[in-house]
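Peer 1: In case you want the letters, here they are:
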Amino acid sequence: MNSGIPLEYYLIVATIMFFIGVYGFLTRRNLITILMSTELILNSVNINFLAFNRFLFPGKLDGHFFGLFVIAVAASEAAVAIAIIINIYRRFTSINVENVNELKY
Amino acid sequence: MSLDNFLMMRHELVLTLAFLIILVAEVFTGEKKKEKFRGFAVVLFAVVTAIGMLPAPEGTLFGGMYQAGRTTTLMKNILNIGTLIVLIQSFTWLGRPENRDRIHEYFMLLISTLLGMYFMISAGHFLMFYIGIELATIPLAALAAFERYKNRSAEAGIKLILSSSLSSGILLYGLSMIYGTVGSLYFADIAARPSTAALTILGFIFFFSGMGFKMSLVPFHLWTADVYEGAPVSIAAYLSVISKGAAAFIFIIILYNVFPVIIDTWQKVIWVIAVMTITIGNLFALRQKNMKRFLAFSSIAQAGFFLLGFIGGSKLGMTTVIYYALIYIFTNLAAFGIVSIIAEKTGKESMDDYDGLYRTNPKLSLTMMLAMFSLAGIPPVAGFFGKFFLFAAAAEKGFYVLVAIAVLNTIVALYYYLLVVKAMFINKSENPITYFKSDFMSKLGLAICIAGIVVTGFASGLFEMIRNLSYGI
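Chains U and H supply the protein sequences, listed in that same order. Each residue of the first sequence is one higher than the last, beginning at 31 in this note's numbering. Each residue of the second sequence is one higher than the last, beginning at -13 in this note's numbering.
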């Protein structure tokens, strides 16, 4: 049944993806890329949930459901974020975070 | 499941109904009547608040995913009152020509965030909690970017949505670890299968960081000031009071109900975070000149004071957190209300513009003084009692050093709150803000806040009532 890939491999991939996401969120300068980084984080969470569900608790479906909901919520989050980014592009004619800097102390 | 069971969700059902009424009303309201719709919506929400006060049944629904108890009902009622004040205060601002065609959207978005907070507070499963928290933050980002003709508003919106999606990602990563160790995401299951495995602790730390973003605790506070400054004043008020209050409520519920086993761990974490939050919030507030930024940093410091109620894990702790949230709603909304009125009438938001306000607008200045005294915790007003009980809750469990640091910090806080009072009463100005008459709704909003500040401080029955509904670990 298990195709031979142990749980740890999935977890390592998920962890690497999570931190690539965090790194991208902090270093990227383009708003769309920052949004993509947060999607990467959410996807790593999904891998975690599904892998735990599949390997440790195969009788239940909690993890699968959580994964589905995360995907749906992430989509709505991205929709709102992109709407705001479009508005930013209209106002600032740029989606580079360095240009969106009116608020600071 | 019979219809009676469904009535446990009465708060949510009534709010959803209000949401649908506004949605349908948008279709049937003519262009000219849109401005009048504001009044209808505020009255509608007042009715929702009143219905919420009726005694509600208790129990669990959907196999334990949804819990309704007397404590959660009380928390929802407190949030309702706060939201009502925010709606009343935003009344004038909504009447502006540029906002007139989007009045319905404003109410719908605000009501859906409140609905999210309800589900978050009533959650019995982390999935419900997650959906609630997202429903509470995504529409808020849209609201922060509501003034789409302003650069700052758009910037506030993007900052809010990006930082909140990062925070929920971190929170979920923690939850996935907890799921890995326990195998269930029901609050009851996680509490029943105590695990002090390293993975649980790590998961908890991730979870804590995610919640820290929502409550704007240091070091996760960086979005707060920018968003408050850029967003419309009523949304900044909503974020600082209702959103933060709801996050504090669910946080204390989860700490008490889900993680009582690792109390030693989270007490240490909260100790450090509380000291950092109070101190850094205060130090940054000292140098702010813009009133909205000033209130943003003051609200960060206040979030740190909330943590003093969390740390003991006692019944008194939960009582004080709810009590302080109630006081904080009235106090902070009074301060935001005045900032909002002055910004609405004159467009001025800087502290220097408040020089000599007492000579021209004595009533506003006195209200602001009351709010500042209450935020600082000067004895006769409610804020003092709130802080006093918070300190008592922490001291009860022997966190004397933490209480000492917090007390020292209240002195720092007193200094910058008094700076505002000094500006209004003592500083002289060449061209102070001229006298103006506020409209009825602004006065009503402030009157409710003043009544709240005075009554919550002196009505000891209120504290007893909250105490009877609270619980410890």
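Just so you know, the hints here were simulated from the structure itself, not pulled from any lab data. On a predicted model such as this, the values are computed, not experimentally measured, just so you know. The beta-carbon is built from N, C-alpha and C at its ideal position, and this holds for glycine as well. Mixed in with the good hints, there may be bad ones.
[Unchecked claim] With beta-carbon atoms standing in for the labels, derived distance ranges:
id, chain 1, residue 1, chain 2, residue 2, range
1, H, 46, U, 62, 39 to 47 angstroms
2, U, 99, H, 188, 37 to 45 angstroms
3, H, 18, U, 45, 56 to 64 angstroms
4, U, 129, H, 408, 53 to 61 angstroms
[Unchecked claim] Away from chain U, derived, C-beta distances all over 12 angstroms, residues of chain H:
id, residue
5, 45
6, 128
7, 146
8, 151
9, 159
10, 162
11, 167
12, 168
13, 436
Peer 1: It remains to establish, for every hint, whether it holds in the given structure.
Peer 2: Hints versus structure:
Restraint check, residue 46 of chain H to residue 62 of chain U: a C-beta distance of roughly 42 angstroms satisfies the suggested window 39 to 47 angstroms. For the pair residue 99 of chain U and residue 188 of chain H, the supplied restraint of 37 to 45 angstroms is violated, since their beta-carbon distance comes to about 23 angstroms. Residue 18 of chain H and residue 45 of chain U have their C-beta atoms about 58 angstroms apart, which keeps the hinted 56 to 64 angstroms range intact. With their beta carbons about 38 angstroms apart, residue 129 of chain U and residue 408 of chain H fall outside the hinted range of 53 to 61 angstroms.
Here residue 45 of chain H stays apart from chain U, with its beta-carbon at least about 22 angstroms from theirs, past the 12 angstroms limit. The Cβ of residue 128 of chain H sits about 6 angstroms from the closest Cβ of chain U, inside the 12 angstroms cut-off, so the non-interface label is violated. With a least CB separation of 9 angstroms from chain U, residue 146 of chain H falls inside the 12 angstroms interface cut-off, contrary to its annotation. In this structure residue 151 of chain H is not separated from chain U by more than 12 angstroms, as the shortest Cβ-Cβ distance comes to only about 4 angstroms.
The claim that residue 159 of chain H is not at the interface with chain U is violated, since a C-beta of that chain comes within 12 angstroms of its own (minimum 5 angstroms). Distance to chain U contradicts residue 162 of chain H as a non-interface residue, since its nearest Cβ pair spans about 4 angstroms, not more than 12 angstroms. Remark: the non-interface label on residue 167 of chain H conflicts with the geometry, its nearest Cβ contact in chain U lying 9 angstroms away (cut-off 12 angstroms). Its beta-carbon lying about 9 angstroms from the closest one in chain U, residue 168 of chain H breaks the requirement of being farther than 12 angstroms from that chain.
Annotated as non-interface, residue 436 of chain H keeps its C-beta farther than 12 angstroms from every C-beta of chain U; the closest such distance is 31 angstroms.
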